Amino acid sequence: MNERCWIWITHVENVPPREGRSVTVAGREIAIFNLGDRFAAIDNRCPHKGGPLADGIVAGESVVCPLHGWRVALASGQVDRPADAAACVETFPIRVDNGMIVVGLPASLAPEETGEAA
Amino acid sequence: MTTPAAVTRLVVVGNGMAGMGCLEQILTYHPAFQVTVFGDETYVNYNRVLLSAVLAGEKADDEIVLNPLEWYRQHRIDLRLGVRIADVDAGAKTVTGNDGSVTPYDKLLLATGSTAWLPPIEGLDQDGVLAFRTLDDTRELLRRAGAGVRAVVIGGGLLGLEAARGLQVRGCEVTVVHLCASLMERQLDATGGSYLLDKLHALGVRVLLGRATAALLGDGHVTGVRFAEGGTIDADLVVVAAGIRPNVELGRRAGLEVNRGVVVNDHLETSDPDVFAVGECAEHNGVCYGLVAPVLDQGKVLAATITGHKGPRYSGTLQAAKLKIAGVDVFSAGVWADGDGHEPVRYEDPSLGVYKKLVVRDGKLAGLILVGDTSDSHRYINWMRADTDLTKQRRQLLFPAPSADDGHDVAGMADTATVCGCVGVTKGGIIHAIHQRGVNTLSQLKEATRASTGCGSCTKLCQDLLRAVAPEFEDEVKRVLCTCLPFSEDKLREILRSQRLRSVQEVLEIYGNGQGCEVCKPALSYMLDMLWCGDHEEDRSARFINDRVHANIQKDGTFSVIPRIRGGVTNPAELRRIADVAEKYHVRMVKITGSQRIDLLGVRKADLPAVWADLGMVSGQAYTKGVRMVKTCVGTEFCRFGTQDSTAAGIEMERRFEHLFTPHKVKMATVGCPRNCAEATVKDIGLVGQDGGWQVVVGGAAGKSVRRADLLATVETTEQALEASQLFFQYYRENANYLERTYDFVERVGIEKIRKETVYATDAARAALLDRFRKSKARSRDAWEEGAAPLHPTQFAPLESQDTVIR
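Residue numbers (the working numbering), protein chains in the order written: chain L, 1 to 118; chain X, 1 to 807.
No lab work stands behind these hints, which were simulated from the structure alone.
Values in this document were obtained by computation on a predicted structure and should not be read as measured data.
Note that the Cβ used here is the ideal one computed from N, Cα and C, for glycine as well.
Please note that the accuracy of each hint is not assured.
To be verified - Quick list of the computed label-pair ranges, beta carbon to beta carbon: (1) G36(L) to T570(X): 42 to 48 angstroms; (2) T570(X) to P106(L): 37 to 43 angstroms; (3) K584(X) to G104(L): 22 to 28 angstroms; (4) K584(X) to G36(L): 35 to 41 angstroms; (5) G703(X) to A87(L): 27 to 33 angstroms; (6) D556(X) to A75(L): 48 to 54 angstroms.
Claimed, not checked - Which chain L residues stay away from chain X? Per the calculated CB distances, all over 10 angstroms, these: (7) D37; (8) A59; (9) G69; (10) D80; (11) S108.
Produce the entire structure from the sequences given, and follow the hints as far as they go.
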C-alpha cells in the first residue's frame with residue numbers, strides 16, 4: 001500500500017531559497033519548495049479554486065496561494081487559513097540525492113518509463 | 001421668609017479667551033446672572049494662540065473654536081457679535097455700542113484684550129499692510145499669501161516669527177525685519193537668539209537684524225520697506241507684529257485708574273466697585289500679561305470675586321513662552337539674564353542646534369532658555385512653580401537620570417504639579433477627572449478639564465497620565481504592519497534607514513520572526529527599494545508572483561501582458577506587432593483597457609520572455625504597485641478646445657515616472673482643458689490644463705470609491721507642473737503606508753500638510769525630494785529586460801522532470 005517510487009526531479013539550484021517551482025510528473029503537477037534547510041513537495045492545485053501554489057509566497061512553514069490567499073501547511077498539506085476550510089492537498093516525501101531533488105510518488109502514479117539509477 | 005434673589009445683569013465686553021475663560025469659571029458658581037457678551041469680531045470664542053497653526057495650515061478655522069454657539073445658548077448668554085462697545089457711562093451704569101444700542105449693567109467685566117501696536121512710520125494705511133491678531137487678519141493673510149509673494153514681517157518676536165513661518169509655508173518669500181540685534185530678545189539671550197536665527201535660515205526665512213523701519217513705500221498699495229539706516233527691500237505684503245498694546249479706552253471712559261492697562265488689585269477689582277477687568281487689558285502689580293496662562297489664572301480669581309465668593313487672590317503668574325513653529329523648539333521662562341547671585345548653567349551643541357541655559361538663584365531655578373530641545377520644559381517649569389530646592393539635583397539639572405518610560409516620569413510628578421500651563425490644570429486635577437468622571441480618552445479629558453486645549457504642548461504628558469491612570473485608556477493605536485514584524489510602518493522606515501538594512505530576510509531575522517509572510521514581505525521589499533533608491537538587495541522570494549515574472553496572474557494561472565503605450569499614443573507598426581504576438585501565442589483575448597492601453601490575456605508563464613521580445617515594447621507595470629499610465633486627451637494638437645498640449649505633457653510625464661514602484665498603483669492623466677476628457681480629476685495625479693498654465697491635482701479616485709482630487713498647485717509651465725507632480729510622487733512614496741492609495745493618503749495626511757512639505761517646502765527640502773526621485777529613476781529599469789536575462793534559470797520556465805524512477 002505504502003509503496004512509493006522515487007523520481008528524480010531537478011538540480012537543487014533550480015529551486016531558489018524560499019520559492020516554489022512546479023513540475024509535471026506522470027501528468028501530475030507538483031509544487032516543489034526550497035525551505036532553506038530542506039525541501040517540500042505538495043500538489044500544485046489549491047483546493048479552493050485551483051490556484052498554482054508553486055507561485056505563492058512562502059510564509060515560514062506554509063505557502064500562500066497567489067489567487068485568494070488560502071494558506072497551506074507544507075508539511076501536512078492542511079489548509080490552515082481560512083480556519084474553517086477543512087481542506088487538504090496531497091503531500092509527497094522529498095529528499096536530496098547527490099544534488100538532485102527526489103520525490104516519492106505512490107506507485108500507482110509512477111511513470112511507465114523507467115531508467116537506471118545509482 | 002426668603003425673597004427671590006434679584007437677577008444681576010452682567011455685561012462682558014470682549015468675547016475672547018480672557019472674557020469667556022472667566023465666564024466659564026463664573027458659571028461654575030451657578031450665579032443668578034443674566035449675561036450679555038459683546039464681541040467686536042464676528043466669531044464665537046476661538047483659541048487665538050492657534051492662529052499661527054491656522055496660518056501654517058496645521059489647523060482649520062473651525063478646529064480652533066473654544067465655545068461653539070451651542071455653549072452660549074445652553075447658558076442663556078445673550079451674545080452680540082460684531083458690536084464694538086464705544087462708551088461706558090459708569091454713573092448711569094450703561095454701555096453704548098457702535099450700533100447705537102444702550103445696555104444697562106449691574107456688573108461690568110472688561111475683557112477687551114489688546115491690539116497690534118503700530119510703530120510711528122509712514123505708509124501704514126496702505127493696501128497690503130496687515131496685522132496678525134485676529135481670525136480675520138489670518139484669513140486675509142491666507143487670501144493674499146501664495147507662491148512668489150514677497151512678504152515682509154516687521155517684528156522678530158513670537159508673533160512675528162510665527163507669522164513669517166506661516167506665510168513661508170504658503171509659498172511666500174519671507175523677510176523678517178527686526179529692530180534689535182537679536183531675535184525674541186524678550187525671551188532669549190543673544191546666544192539663544194543666534195541658535196534660533198540659524199534654524200530660521202535653515203527653513204528658508206530671511207532675517208534682517210538691527211533694522212529700523214522708516215517708512216512703507218507704495219502708492220496706495222505697499223511695494224516695499226525703507227530702513228532708517230538706508231536701503232529698501234521690495235514687498236507685496238507687510239505684516240506688522242511689533243508688539244501689542246492693551247485696549248484701555250473703555251476703562252478711561254469709565255473713569256477707572258489706568259496706567260498701561262486698567263489697574264486691578266489681587267481680587268481683579270478696578271477702582272470702580274462694579275467694574276472688573278481681566279486679561280491683556282488689565283494691569284496687575286505693574287504687569288500687563290500677554291500670554292494665555294496668566295489670563296486664565298486671573299479669570300478664576302475674578303470669578304470668585306464677582307459671584308460674591310471673594311477670597312482667592314491673584315499673585316501674578318510665572319511667564320513662560322513657547323514658539324509655535326513646527327520643528328523650531330524654543331521655550332523660555334522666568335529670569336534668565338546674568339546678574340548678581342545668578343548662577344547660569346549652560347549647555348550648547350552647535351551641530352545639533354541645541355542650546356540650554358538655566359539660571360539658579362539661592363539654590364532654586366529662577367529662569368531658563370531652551371532652544372532646539374524643549375522636551376524637559378515641563379520639569380523645569382514645575383520646579384519654578386513649586387520653588388523646588390535644587391541643591392541635591394545640581395548634577396542632573398541639564399541631563400536628568402533617564403526614566404523608565406522614556407518620557408516624563410508621570411509617577412514622580414507631584415499632584416500639585418501643573419500639567420497644562422495654559423488652562424492651569426494640575427496632575428491631581430487630571431487624576432480626579434479620570435476617576436470621578438470616567439475619563440478614558442484624550443478628547444474626554446479635554447472636554448472634562450480643558451487640559452491641552454491651549455497651546456497643546458502638554459498633549460503627550462496628558463496621554464502619559466491617561467495611560468498610567470485611566471482604567472480603560474484608549475490610545476490612538478498605531479497599526480502595526482503584521483504580527484511577523486510588530487512595528488508601525490513609520491517606525492519600520494526609521495529602523496531600516498538608521499540600521500542600514502538592505503534585505504528583507506535581514507530585517508525579518510533581526511526585528512521579526514525570521515519567517516515573514518505574504519503581507520510583510522512585499523511591504524518590506526517596497527520599502528527597501530524606495531529607501532535605498534533601488535540600491536537594495538532584491539529578493540524575489542519576498543515578492544508576489546506578479547513581481548517575480550512581471551505579468552498579472554489570472555484565475556487560470558496564465559498571465560496578462562500590457563505593454564507600455566505612453567499617453568495612449570501608438571502607431572501602425574506597433575499595432576501590427578501586437579496583432580502578430582496575439583496570433584503567434586494564441587492569446588485568448590485582446591482587450592482595450594480603461595487606461596488607453598492594450599491587454600493580451602491568457603499568456604503562459606513560459607511564453608512571457610518570447611512575447612516581450614516579439615512585442616519590442618517596455619513593461620506597462622500593469623501587474624504591480626507602481627507607475628501605471630498617464631491617460632491623455634488630444635489637447636492643442638487636434639482639439640479645438642485645447643488650451644495645453646496635454647498629449648506631449650502626458651507622454652513626457654509617463655517617461656519620467658515609468659519603471660518606478662509606489663506604495664500602491666499610481667494612475668495619472670493630463671487634460672488640455674477643464675472638460676477633463678481623460679478624467680484627470682479622479683486620478684492619483686492629474687494635470688488640468690487651463691489658459692496660461694496647469695492645475696496639478698492629487699489624490700483623486702474613481703474605483704471602489706469616488707473622490708475628486710485636491711489641488712496641489714497652480715503653475716504656469718509644463719516643466720513646473722511635472723516638477724510639482726514629482727515632488728508629490730516622491731513624498732507619497734516616502735510617507736504612505738504600503739497598499740495605501742493616494743486618495744487615502746491625502747485624506748489621512750491632509751492636503752495642507754502635503755502642500756507645505758512638497759511644493760511649498762524649503763528649497764533644500766524640495767531639492768532633496770527631487771534628488772531621491774532622480775536617484776531611484778536612474779537605477780530603475782524596464783522589468784521586461786529580465787526576459788532576455790533572467791535572474792534565475794527557472795524564473796519563467798517550469799522544471800523539466802527527467803521522469804526517471806530510481807530504486
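Results of checking the hints against the structure:
1. Between G36(L) and T570(X) the beta carbon distance is about 46 angstroms. The supplied range of 42 to 48 angstroms therefore holds.
2. At about 53 angstroms, the beta-carbon gap between T570(X) and P106(L) misses the expected band of 37 to 43 angstroms.
3. Separation of K584(X) from G104(L) is about 40 angstroms and departs from the stated range, judged on CB atoms against 22 to 28 angstroms.
4. Remark: the range hint 35 to 41 angstroms for K584(X) to G36(L) is upheld by a beta-carbon distance near 40 angstroms.
5. The hinted window of 27 to 33 angstroms between G703(X) and A87(L) holds, with their beta carbons roughly 32 angstroms apart.
6. Between D556(X) and A75(L) the beta carbon distance is about 28 angstroms. The supplied range of 48 to 54 angstroms is therefore violated.
7. Even its closest Cβ contact with chain X, about 12 angstroms, leaves D37(L) beyond 10 angstroms, as expected for a residue assigned away from the interface.
8. Chain X draws A59(L) into its interface by the beta-carbon criterion, the shortest separation being 4 angstroms against a cut-off of 10 angstroms.
9. Here G69(L) does not stay apart from chain X, with its beta-carbon only about 7 angstroms from theirs, under the 10 angstroms limit.
10. No Cβ of chain X comes within 10 angstroms of the Cβ of D80(L); the nearest lies about 12 angstroms off, and the non-interface call holds.
11. Remark: the non-interface label on S108(L) is consistent with the geometry, its nearest Cβ contact in chain X lying 13 angstroms away (cut-off 10 angstroms).
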